[in-house]
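K.L.:
The chain contents come next:
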Amino acid sequence: MYAPLVRPADRIIAGVCSGLAAHLGLSVKVIRISMVVLTLASGAGLLLYAWLWLLVPTADEAARAENAAFNPRNIAGNFARNFGGPRPAGIPAPPGPQPGTGAPPQRPADNPAATAAAAGPTGRTRTAELMQRGGWEIAVGAALVLAGGAFIAQLAGFNVPWETWLPMLAIVTGAVLAWMQLDNSRRNGIMDRAGATGAQGVVRLIAGLVFVVAGIFILISGSISWDVMWPTLLATLAVLAGVGLVLAPWVVKYWTDLEAERSGRIRETERAEIAAHLHDSVLQTLALIQNRAASEQDVTRLARAQERELREWLYRDKRREEGNLVDRIKAVAAEIEDAYGQPIDVVAVGDAPMTEQYEALIHATREAMQNAAKHAGGSISVYLEKTRGSTDVFVRDRGPGFELANVPADRLGVRESLIRRMQRHGGEARIRNTGNGTEVHLSLKHPEEGNHS
Amino acid sequence: MTDPIRIVVVDDHAIFRSGLKADLDSRIDVAAEAATVEEAIAVIHEVRPAVVLLDVHLPGGRGGGGAEVVAGCADLLATTRFLALSVSDSAEDVVTVIRAGARGYVTKTFSGAEISDAVVRVAGGDAAFSPRLAGFVLDAFGTAAVASVDDELDKLSARELEVMRLIARGYSYKEVAKELFISIKTVETHVSAVLRKLQLSSRHELTRWAVDRRIL
Chain Y
1 MYAPLVRPAD RIIAGVCSGL AAHLGLSVKV IRISMVVLTL ASGAGLLLYA WLWLLVPTAD
61 EAARAENAAF NPRNIAGNFA RNFGGPRPAG IPAPPGPQPG TGAPPQRPAD NPAATAAAAG
121 PTGRTRTAEL MQRGGWEIAV GAALVLAGGA FIAQLAGFNV PWETWLPMLA IVTGAVLAWM
181 QLDNSRRNGI MDRAGATGAQ GVVRLIAGLV FVVAGIFILI SGSISWDVMW PTLLATLAVL
241 AGVGLVLAPW VVKYWTDLEA ERSGRIRETE RAEIAAHLHD SVLQTLALIQ NRAASEQDVT
301 RLARAQEREL REWLYRDKRR EEGNLVDRIK AVAAEIEDAY GQPIDVVAVG DAPMTEQYEA
361 LIHATREAMQ NAAKHAGGSI SVYLEKTRGS TDVFVRDRGP GFELANVPAD RLGVRESLIR
421 RMQRHGGEAR IRNTGNGTEV HLSLKHPEEG NHS
Chain B
1 MTDPIRIVVV DDHAIFRSGL KADLDSRIDV AAEAATVEEA IAVIHEVRPA VVLLDVHLPG
61 GRGGGGAEVV AGCADLLATT RFLALSVSDS AEDVVTVIRA GARGYVTKTF SGAEISDAVV
121 RVAGGDAAFS PRLAGFVLDA FGTAAVASVD DELDKLSARE LEVMRLIARG YSYKEVAKEL
181 FISIKTVETH VSAVLRKLQL SSRHELTRWA VDRRIL
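Line by line, the protein sequences give chains Y and B. So for the first sequence, the numbering used here puts the first residue at 1; every next one is plus one. So for the second sequence, the numbering used here puts the first residue at 1; every next one is plus one.
So that you can see chain B by itself, here it is in the shape it has in the complex (with noise of 0.2 Å):
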């Protein structure tokens, strides 16, 4: 077995920060705690973690919640990965934190467990979606549009689009690995791909359904 992995956990609640300590299995190693904005800023500058657990309503800074913190952390987005984690799915808290620079979204009813998963999977560089998310994101680049050309920002090429369905339909990532013949290390590109369209893409009906929902 590998070294656990280091994490800093950031949410103003002490008690969902101590509840959530407890629950996350040993492959985790929480070496840090913070509060605040501010706090959080410090800490990650400080421990380095390979990935920050981060609520995306945050007291302090100047309001911007987690979506600040990973901007004053931009410096460290080559080595420490952020995982947003909330009570609210919310089209506009989901989004905003993704366009920010966190490699996945994850609500506080999931267990332990899963957590630990997207925890794992977020540091290996890969990407954790909830179903949710992927229902966002099929919202927002339309669920037919389909890429000519796979690195194509504006469009989900055909597969990202079945791989984003299955997820809303509440597949795991091995599930929908199994439902397309394909290895789980593919689907996970897929995933990837996708989470880096979302974050980079300007496509004008993105924009319109962001600012419909006044997310940019």
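This is chain Y alone, in the form it adopts within the complex (with noise of 0.2 Å):
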């Protein structure tokens, strides 16, 4: 198997010579001596070199498909991509499309949506790679025509002034070469900085060169004539351009490195805070256990409680808002968890903002975890759910589980706190012996959001 056809990145001109050394498993050496010699026979080896400088990739930009191309959570492009053909993970996969040699069956057959998916993004990366390349080959085809047009306008008897074309031709390709050293990723970093990227930067851009030139026209059309001012523009703009061309590298290099130190440090003050938080919170907690391994209730109810906290931390959906229903009801069966020792899971769909009415809901849902925690024993499921018109607490626990007619008149927990405070805010709470324990549901209406979906 050959290795890939990459210009990698120890280079004397464009790594061309060593990038193809490597694919056909010569030496570096005859290569080299070939493309002289082939560039004797009238030109025809600067003409490959030319070429296969266009048309290869640099390694850094190989690896950097071949990465862009999986992305770990781009769950549905891979698992599509792994119908065209499994690929043992560490091997490069090619980068045109695969055959699905390995495929099973039935797969592509059953659901050819997934194959079109397949073929979509290595598609889309391939359009991208072919533009980037036309841009290359519209250059240089566009000063082929126009050396070509300069060459029959001098053979039709014009004077074409070769003496001012020539120095311009070694700048314009030292500039070139200058750029080529630099990789794509900060290639685009300066177009991003320059805001070239996109049509209407391109247009922008552009627009303000023309305008700076039209500037410095007009400002030495006064003192100088016409026939010096053109080589002198053109003079000036070309110094200016090879300059910018030629330390561009270097500028960047240095925006480059600031900007690695500068995420390094961010990197670290992230650390430093992750550290402090451990610090204050597990680290504590640890502490407290080994103190307390004796009582397996407090250990427990200790690793309960950090648990949820780091839980919390880590886990915390960034888009909730606080101090809403959904953070209520987990701060009251945190609450109750450290209180009893029993675990509680909250599952919660939809939230709202606090409101009087819910003051009431949670009330109630406190009321009836903690006769669960007290009553029952074992784990405890509260399920909320909050829907257009109407919110429902489930607090389901599994203990033997009790009649409400069996409850003695005095006991006011049950009627008070939850049936009759839900009724006093418009909403109701039954309970009902599942024949595995209780469930108490607690349910609020609301008609002014209307009742429909």
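Accuracy of the hints is not assured; some may be wrong.
To be verified - 20 Å max Cα-Cα, derived EDC-like pairs, lysine to aspartate or glutamate: (1) B/108 <-> Y/312; (2) Y/445 <-> Y/345; (3) B/178 <-> B/162; (4) Y/29 <-> Y/60; (5) B/174 <-> B/139; (6) B/174 <-> B/162; (7) B/108 <-> Y/10; (8) Y/330 <-> Y/296; (9) B/108 <-> Y/137; (10) Y/330 <-> B/139; (11) B/21 <-> B/33; (12) B/108 <-> B/25; (13) B/108 <-> Y/307; (14) Y/330 <-> Y/359; (15) B/108 <-> B/12.
No lab work stands behind these hints: they were computed from the structure.
Could you fit the two chains together into a complex? Lean on the hints.
P.N.:
Shown next, in the form of structure tokens:
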């Protein structure tokens, strides 16, 4: 198997020879000598070199394309790609579309959408590559057409000032060489900073340049004759552009180093914050657990509380606003859990800002959780569902269960705190023995929100 | 009693692996273990287990964790089932690995018996839903969207909604069956249908829900 044809980072001109040598398994010297020999054969080697330079990606670019094609979060894409032909990890994929040789035969057949999706992303990156290459090809083509036109013009008897054009060509070549030393991301970085990405940006940039040139033009056209101005203007432009392009790599390098340092500092701050958090909470709890190792209940309670706290810190849904209904229910559950040592799992669907009605609902939920923790034991499930028009809370335990009719009339907990409280606030509470524990269902209606969805 | 179910345990914590092995009951035979993405893909291809108990966060590979293992074993999905296992219950982790092809999600706080039940269920081709996963489904698909046709991918049918709600409320499959006066097999069918919808749906709301949480 041949090594992939890429231009490596250590290079003399553009890395074409060493890339070709690695690909064909020959020594670099052989390739270089044959290039020179071919060049002597009326410039064929030069043409081949230029051609390969344009078409062969650098090693960096190839690696980046490979990495960009895989995104662990792009599940559908990866899934579909794997239907196209399984590939063990670690072996880089060929850049083109893969033949579906190893695929289970039924998959592509019964899942045409997946195969189509697989072609999608690769197709898109290929187009981007082609466009990028196309840009170079157009530039080179335009240069060749210009040169050809100039040559024909001279043949036709016009006077082409070769002594002006050849130095300019040399400057442009030098600038291109300097530019090629930058990799793609740095080039994009420069374009970004110049605001030259996207059609609007390019138009703005070109318009700005045209205005500057026109300004200079008007400025000097008064004092210098037209004959002298054109060559002077051109020479100035060429020198400026040349200097800019040659210096660009160093400026960019300096800038990247600065940015690397800054992001390093940000990471360091982040790490310090995590360390502080772990110290404040986790280490303290671990110390406490060691102290209380004799009491199983205390250890469980501490571990559970710490888990809850760490979970909240790590996985908190950043979009959710604090102090809303779900937050409050979770806080109450945490409180009961700490007080009684029974795990309470809260599952919430939907959320809403607090109102007076919700305060009552939270009080009732607390009462229900407390009853479950006190009398039933074992794990307690709480489910909150907020939809348009109603809010429902289910508190379920796995205890022996009880019948409301059997609760003595002087015991106010259930009747007063649950049922009447909910009724006063326009809701209701139902208590049900499921045969395997008790379930309290608290519901509120919000007719003003409309009862349809 | 039938042969024990052969499984592979993939988790980067050796202590957890040995603890889990001790907790699983006799219906389950741990054939092999793996600790990284590459190791897992190699071991699964070699052992061809019925079920893989898969941690969501794994070192190695390209940083894709459990979802990457499922993607790397996509050629085995017809014979090998994946059951995700994690300490994390964030929506991102759960939905990512389910959309990659896992047939269930259990958290590490589950007891050995509960995890064994989930393994048996997944080995039988059904889906293992925890209350939290059911909550995510209801959150993502909406609690009122009712499919007019049962196999419509973007909406849940009324029955599927009922089943999801009961599971979110902490009911076991058996309790759901009793509650709705249907057989456990029917409950499993509904849950599998919901799993399929969760994996394949490209419903606008689901996509937006996922994008909001940077899942897809």
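K.L.:
Going back to the hint list, which numbers does this structure go against?
P.N.:
2, 4, 5, 7, 8 and 9
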